[in-house]
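Engineer: Each chain, written out:
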Amino acid sequence: MKVCRRCLYTSLHPLGLTFNEEGICSGCTVHDEKNLLDWKARRSSLEKLVEGFRNTSGQNYDCIVPVSGARDSFFILHTVKKELGLNPLIVTYNKHYNTDIGVRNLARLRTLLDCDIFTQTVDPDRVKRITRATLRRFGNMYWHCLAGQSVFPVQIAVKMKIPLIIWGHHQGLDQVGMFSHLDEVEMSRRHRRDHDLFRQEADSLVSDFDFVKSSDVEPYRYPHDEEIAAAGVRGIYLGNYIRWDTKAQHERMLDLYDYEAAPQTRTFDTYNDVDCWMHSDVHDYTKWCKWGYGRATDHAVRELRFGRLTREQALAVASHYEEKEPLNMELFLEWIGMTRFGFNFNMDQNRSPEIWKRNDQWRWARQEAWGEAHRLAAQNPDRLPENKDGCVFQTRKSPSVCDSPDRFILIGKGEYRSPEIGTPVAV
Amino acid sequence: MYSPRIIATLVIRNGHHVQSLGFKHYLPVGSPAESAREYDRWGVDEIVLILTNDSGENARHIISSVADAIAVPLTVAGGIRTLWDAHNYLSWGADKVALNHVLVEQPDIATAVAHQFGSQCLVASVDVWRTGNKLFRYDHWLHSASSVELLDWIHQKIGAGAGEILLNFPQHDGMRIGMDSEAISQVVQDVGAPVIACGGIGTVQHAVDCLRTANPSGIAIGNVLAHFEQSILLFKEGIKTAGAEIRAAVKATYNSHRFDPRGCPEKLDDAKLDELLFHRIEPELI
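One line per chain: the protein sequences are A and B, in this order. What the first sequence shows, in the working numbering, is residues 1 to 427, in sequence order. What the second sequence shows, in the working numbering, is residues 1 to 286, in sequence order.
Isolated chain B, as found in the complex (with noise of 0.2 Å):
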């Protein structure tokens, strides 16, 4: 069995690494390649960056000044038109492309990119709509949801040559309210390709109560990640203290605190942090 992957979200707006809330709000945070190469520090296993509105020139910056900061896979989203512009995302350090709006406009594009660059790098990025029971793509350049229901769209993606599916939820989108966990689960049951589920992850049980009744071969996180020192290590050592498998990155460890309910270390006692007055501690070095 393999460990979920633990993915960290860059949302980019205008050149800057933004927290997204509900796909209409942003709050600017800082550079793509600043945030992407701390996270990897702290351990992160995969970096999805969306771009909503950078292109050409910008885009490029934006993709290889991250693909240089990092060491780990790097998908890229948004503004994919042409095979040509999966062929420059993919030239400028991206290892993965994820397609959504252009696969309604252009369907024979999915076959297309598998065709010329193969199904690894082809990830279908679908916006969740959930109307009671019933779960339909969400359409962002329409600010609606179509009437294409959501497991039948998937399967026609993978049919076509998708071989990885990116789920975001508008309604969940920086809404820290936690995951939509069921809708998730249904697309895991029903599809056989890798799954990574991103949007409303707000502190770690959030993440927990996802992989725990979903079990995604992924969930992404993206805003929390800015709020705190080691939020990737964090996240990491609260999902292993649940149960999860996770993969271990970095020598850093939170092994023997506490956490507050936003996964935050809580103090140690007095007496241990006594002990480790005298205890050297060493970096990593690689």
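Same shape as in the complex, but just chain A (with noise of 0.2 Å):
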């Protein structure tokens, strides 16, 4: 194992990971040129390439783009409809994890931003048996969401014939360093199956023995070929365009939005994952049980690669972070039907051999080769200029609410709020 010299990745990233000589990561080294590219030559060329994609028979949107309550959906869709001035249909994949402040946002950032909005709602039986399927194959809950929102777009692409997505930022590009973004890498199939999947397509969930049929998939499959060919269907990513900073671009919406940010279970980032009860919860746990390592390592190698966290400050957070335990694990395995032991049995059959081990106690503990790679690395690190204005975020709570008992409700869940509308009107 090793650790780089700069961030606090290792090789056994499960998206991968490569060294250069100086032992600095492929992340890191694409994070370098966020400071070394032109970043206005680079924003005309996405004016210039989304210029093409304009509707003129004024019957169909210009483009597609995938929102959900958090994110930077509120950056990406202010960029794309106040800077870029496209025409797009927004479209979300419920998660099913929705916490009330991702319904909030939600609805906010379609009514501020004045947009026509597809959501996908599959029926719950649904998602729970396919949800129990993943967890049980290859310990992950969360699989629905990534399918399902990585899909969804595309299917509506094909069936609605607007051939352009916009996307935030590659995923593999921030972290990891997949490619440059000179590289201007659009969405792929390939990439879909092989890191958002888990390289499990959704057919491959099919068996009797989870009780998943092959209609049961149906939302979560990729278009064939022939279909995204005839119309030409391209997913192109904001972050190879503009110079991608998710936690400056998060505390810009808050101010022209009000934008709602709270505080995670199991990171620090307040602005990410607001929209859902798991993701910096159970899914961030079986993360850590399966890699040895969490969202918070993920957001402080981010903070660290922009200056605004040393090495061992982001080392500190991420630990103090990581150690935590979900605290919304009862709603989840109400939820699906499950006990915490029948939990951590799939936890446990998915842990990589590379990173734990059980110690004398029969716990699981990180492999001695974690610890010292980590201290080699330290021995001799990178350092980065520091940026002075530090490492704060904000939290931030809006007044509106969706449900509302003397009020048009545009979406909302119906919840009951004032008793005497059951009671019988006497004429």
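What the hints contain is simulated information worked out from the structure, not anything from laboratory work. One thing to keep in mind: the hints can contain errors.
Claimed, not checked - The calculated EDC-like cross-link candidates involving lysine to aspartate or glutamate, where the alpha carbons are at most 16 Å apart (straight line), are:
(1) A:159 with B:182
(2) B:134 with B:190
(3) B:251 with A:226
(4) B:24 with A:22
(5) A:159 with B:190
(6) A:357 with A:368
(7) B:134 with B:182
(8) B:251 with B:284
(9) A:159 with B:282
(10) A:48 with B:260
(11) A:159 with B:270
Two chains, each in its own frame: build the complex with the hints.
Structural biologist: Okay, structure coming up:
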């Protein structure tokens, strides 16, 4: 095992990682491009690219923008709509693990930015059967979200013949430097299957044992090649053309649109995953169980590369959050109908043997090689100039609500707020 | 006349499919088998796997998982030291083995492999270094060009039993500057064996230029195939549009599209898209 001399990533990163002669990882070298590239020129190449995709018939949208109630959705849509002047159709896959904050953020997003929205809400029973299968087979309770949000926009694009999808940043590029920004990588089925879906295409989940039928996975099937080719569907990433800094972007959106931000269980980033009960909680805990690190490391590495954290600060904050127990475990277990024992069993089946081992007390501990590699990298670290702004994540609460007893409810859960609605009316 | 083969190169490092830049820097792309599977489905004619540092059990896993995932011929380069290694690679699923550095250390190995398994599965892989007008064999192990003249070396290897030549260009690798068509042309005209050219393709035009001027038996494309959807298909479509004969491998087609300089499809006219709304598109079932 090897650890980058600059950030905290190891050679066992599930997305893959390479190192140069100086022991700096591919993620850090690609991140350096953010300070080297001419972003003005890149911005104009984006403008040129999207110009060709404007609808001229007045009967369709210019592009599709996948959104959620968090994760740079405001920034992406603001850029597409207000700055590039496009007319997007926004689409969202319903994660089922929605928080009230996420629902409010999404409501504010589509109303403040004047957009039409398509939502895909898959039958909860089906989602549960699929989630039981993915949990059992590869220890993942988030597969349906990743599969759904990465494919629903593509399905709509081929169905409605809208050939351009605009995504935010490319996760593989940002974390491990899969591609240079100059590669202008675009969405592909190859990447989705390999990295978003853990090499498990929807059809591989069909099994009698898990009660998953072929028709159950239809919402997660990628459109076939002929359909994609006929309409010429392409998905571009804004991160290739805009200097992507999610913290700064979210902070702009806090002020512009009252984006709501809240503390998370297992990371210090209060912006990125506020729409989900599970993401920085049970889902992140499963990542920890399998790979020996969590989102807190991803976020700390990101901030470290921007110079807002030192290596020592990043390691400390990551370790602090990664040791935390998930707070919403009961909620999940009740939803899926599983005991904690069953959950733990599934996790233990999927622990990476390169990272975990049982210690003398039969508890799980990280292999000695992990600590050894970190010690080695820390002996001769590669330090970036410090960013004087520091690393503070804000929280924000907006007074608006989605469910209201005396207003039109665009989309809400329709909770009973006033008991008298149920009482008979005397004439 | 044969159609030129459109070949995908997968450079492998520590078990990952990587982008290779100048034989020096690598960026992780993903799992070799997953990439190979998609390229095969997108209609590639052949796949070349270049193992840069994996051996033994890892090599077995990589080669067999890729071979399982694809239906087209598989050439594996890298890490072959003995006749036994070549035997292993072939038994794990390779259709051809490519030898490079070992040909310097053990000149007899080419004859031994050709004798044992046949010339059809022996590829001589040569890295080419250009100094002015002269072409030399580049030695990757020494990180420098050797004094051996390229054509002499190639003739020697064909004499020893190599059935195919794979040319790679470290000065072009990952640079997206196009191929050294002049050098490729020299080799193609001088030797009788099929020549595969690799290194430098960043756009469809680069591939077209090389096919036009040098007419190699196949061109191998690397990094750029991972950059967009159905990349193989788009390359083939672009090459076909430019007038070359290409094996049409899949039903999906971009024949009503125009392409941007990278080779990606431009938007169709809105009228055409509207028409497609009511057009049923069937998947290809084999």
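Engineer: Each of the hints needs a verdict: does it hold here or not?
Structural biologist: Okay, the hints, checked on the actual structure:
Between the alpha carbons of residue 159 of chain A and residue 182 of chain B the distance comes to roughly 46 Å, so the proposed pair goes past 16 Å and is violated. Using a Cα cut-off of 16 Å, the hinted pair residue 134 of chain B and residue 190 of chain B holds, with the two alpha carbons roughly 15 Å apart. Proximity of residue 251 of chain B to residue 226 of chain A is assessed by CA-CA distance (about 7 Å); at most 16 Å being required, the pair is judged to hold. Between residue 24 of chain B and residue 22 of chain A, the direct Cα distance comes to roughly 12 Å. Compliance with the 16 Å bound is thereby established for this hinted pair.
A threshold of 16 Å between alpha carbons decides the hint, and for residue 159 of chain A with residue 190 of chain B the separation of about 53 Å lies outside it, so the pair is violated. Note on residue 357 of chain A and residue 368 of chain A: the hinted pairing holds, with a Cα-Cα distance of about 9 Å set against a maximum of 16 Å. For the given pair, residue 134 of chain B sits about 11 Å from residue 182 of chain B by alpha-carbon distance, which is consistent with the 16 Å threshold. Under the criterion of a C-alpha separation no larger than 16 Å, the hint pairing residue 251 of chain B with residue 284 of chain B is consistent with the structure, at around 6 Å.
Between the alpha carbons of residue 159 of chain A and residue 282 of chain B the distance comes to roughly 13 Å, so the proposed pair stays at or under 16 Å and holds. For the suggested pair residue 48 of chain A and residue 260 of chain B, the alpha carbons sit about 11 Å apart, so the restraint of at most 16 Å is met. Between residue 159 of chain A and residue 270 of chain B the CA atoms are separated by roughly 14 Å; this keeps the pair inside 16 Å, and the hint holds.
Going through the hint list in order, the structure does not satisfy hints 1, 5.
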